[in-house]
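Visitor: For reference, the chains in residue letters:
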Amino acid sequence: MSTAIRFLGIPFKNPIVLASGILGVTAASMKRCIDLGAGGVTVKSLSLKPRTGHRNPTMGGYDHFFLNAVGLSNPGVDAGIKELKRFKAICKAPLIGSVFAGSVSEFGAVTKKIVTAPIDLLEIDISCPNVGDEFGTPFAYSTEAAIAITKAVKKQSKRVPVIMKLSPNAWNIGEIARACEEAGADAVTAVNTASAMTIDSAFQVPFLANQVGGMSGPALKPIALKAVWDVHNTVKRIPIIATGGVTTGEDAIEMILAGGTLVGVGSAAFWRGPEVFGKIVKEMENYMKKKQVKNLSSLIGKAHRS
Amino acid sequence: MKPQIATLKKITTEANGVKGFTFNFPKLGSKPGQFVMLWLPGVDQKPFSIAGDDGKTFTTVVFKLKDFTEHLFKLKPGDPVGVTGPFGNPYSWKPKQHAIAVGGGYGAAPLSFLINQTRKAKCSYELLVGARTKSLLLYTDHFPKHTFLSTNDGSSGHQGYVTEVLEQRLKRLSAAQRKHTTVYVCGPEPMEYAAALVAKKYRVQAQISIERYMKCGFGVCGQCCVDDTGETMCQVGPVITGQHALSLLEFGKYHRDKSGAIIQY
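So the sequence lines, in the order shown, correspond to chains G and A. Position 99 (the first sequence) corresponds to 98 in numbering that gives the first Met the number 0; numbering is contiguous. Position 178 (the second sequence) corresponds to 177 in numbering that gives the first Met the number 0; numbering is contiguous.
Everything labelled a hint here was simulated from the structure, so no lab data went into it. Some hints here could point you the wrong way.
Said to hold, decoys possible - Covered, in the sense of this in silico footprint (three residues per stretch, anywhere, with C-beta under 8 Å from a C-beta of chain G), are these stretches of chain A:
# : region
1 : 43–55
2 : 88–95
3 : 213–222
4 : 225–231
Every residue, glycine too, gets a C-beta built ideally from N, C-alpha and C.
Whenever a hint applies, use it, and build me the whole structure from the sequences.
Guide: In structure tokens:
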């Protein structure tokens, strides 16, 4: 029995990867996630220039969901590349780079830079719901925009496989995933956070400084699961990183049954601490023992065959 | 983790540009070394260390900078703020031990909370307070006969660094006494680094409060992760042992700003 799995030819000791934007700010913090059991890590998204992000409050944790509008703070791709190099110097686990930009040409420019870093895969964040004031509607809501960005980054990505990160707010996420595939994407991540907000009844104002933000955590899981299901139904051959509300090993198994190959985990750390990665893997192993599953890849998309 | 409303009870002047804010907030249940997030809707939300908690109110001592603290300084008794917490790993002590608290600037504030708690555990104690100049010294008369002052310009107490006073105090102790002593440190990091080295030299346990940029306070944003362990200082810290601090690659050398960029000390 083994949780090991290959994704685009790259071996992962288990399918649980740190999702972008959580904990993964530095090489050391990403290595800690690996030490605590993750099979791979995704860096927090990098942009051409440094960004301080939104004012606080940028994050709130609740019983069943997590809300954030950090505003894509990052030290910029040049400083980020140093952290990525440092990660590979201290850790051999697969490293997924992540970039975002405000325009198609800028996506090409930031991709050109980040692929000089020793990343194994590159995730393209076209679906952040928290920077609408600055960049408008997320590109991931539009098939045309998703195609244009996929083509622009593929022109610059050289040896590095490209993963397009999609939004649960796109009603036609399956169609968009298929369009990305046709435009050359090597994989997709489904999904980013869902557009959401909370209002503080005591102060009678939106809680987030940005007023609106993105929701993750258990409340997102059934939505993410359906998105993975839809994407698996529409794409021909590209694999999926299934992300959204995965908190337990059972959640991760469900995501794989829906069509995920890797499974992203992020805000679960709020409820279960940074040890969540190892805990989820252990729970998956228990499931595999009970169900006599020899290798995980036999479960990918299995629920579709019922 | 919804913010709870606390109303401002009183404001005290602690030093030049430094004020204490006491909020009505029953059952915060905080320990010395922990922090709360204070939220001023429409302004910002920031972490503040706790300088006192009597079960009915808590106090935080704030140095006026800009933005958030400017708004905080304009509050009047009765005004509401949003509070979440307490967060973080606190200072710890054993009954009847000896406590040497070393505070730089407004770092002395959480140490006064610590001393009040250690006194309840029948610990002996001394507070060493340092600042650039006399007008910036805090808690000069809260613990008479137990307080040792220092200023860089010599305007009050020892002229020089508070860590030099620490060394003088440690020299007076026998090897047996040092075994039952803990040095508690809170202040600017270069001073904390020097204090950790002095404690190490005299083989005395130390506990140090590490300040790093924090967005969430509960281990998710990753902004306060330190090199090379990647530990979140909001949960593993703010208080860590001197030995732990000295093992960190970045302690006393650099930290990261709001964007995650490295800033040298």
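Visitor: Can the region 225–231 of chain A be counted as covered by chain G under the rule of three residues or more with Cβ-Cβ separation shorter than 8 Å?
Guide: holds (count 7)
Visitor: Would you say the region 213–222 of chain A counts as covered by chain G, given the rule of at least 3 residues with C-beta under 8 Å?
Guide: holds (count 8)
Visitor: Closer than 8 Å, Cβ to Cβ, for at least three residues: run that test on the region 43–55 of chain A against chain G and report holds or violated.
Guide: Answer holds; 3 residues pass the 8 Å Cβ test.
Visitor: Counting residues of the region 88–95 of chain A that have a beta-carbon nearer than 8 Å to any beta-carbon of chain G, does the count reach 3?
Guide: This one is violated; 0 residues, fewer than the three required, reach chain G with a Cβ under 8 Å.
Violated hint: 2 only; the structure is consistent with all others.
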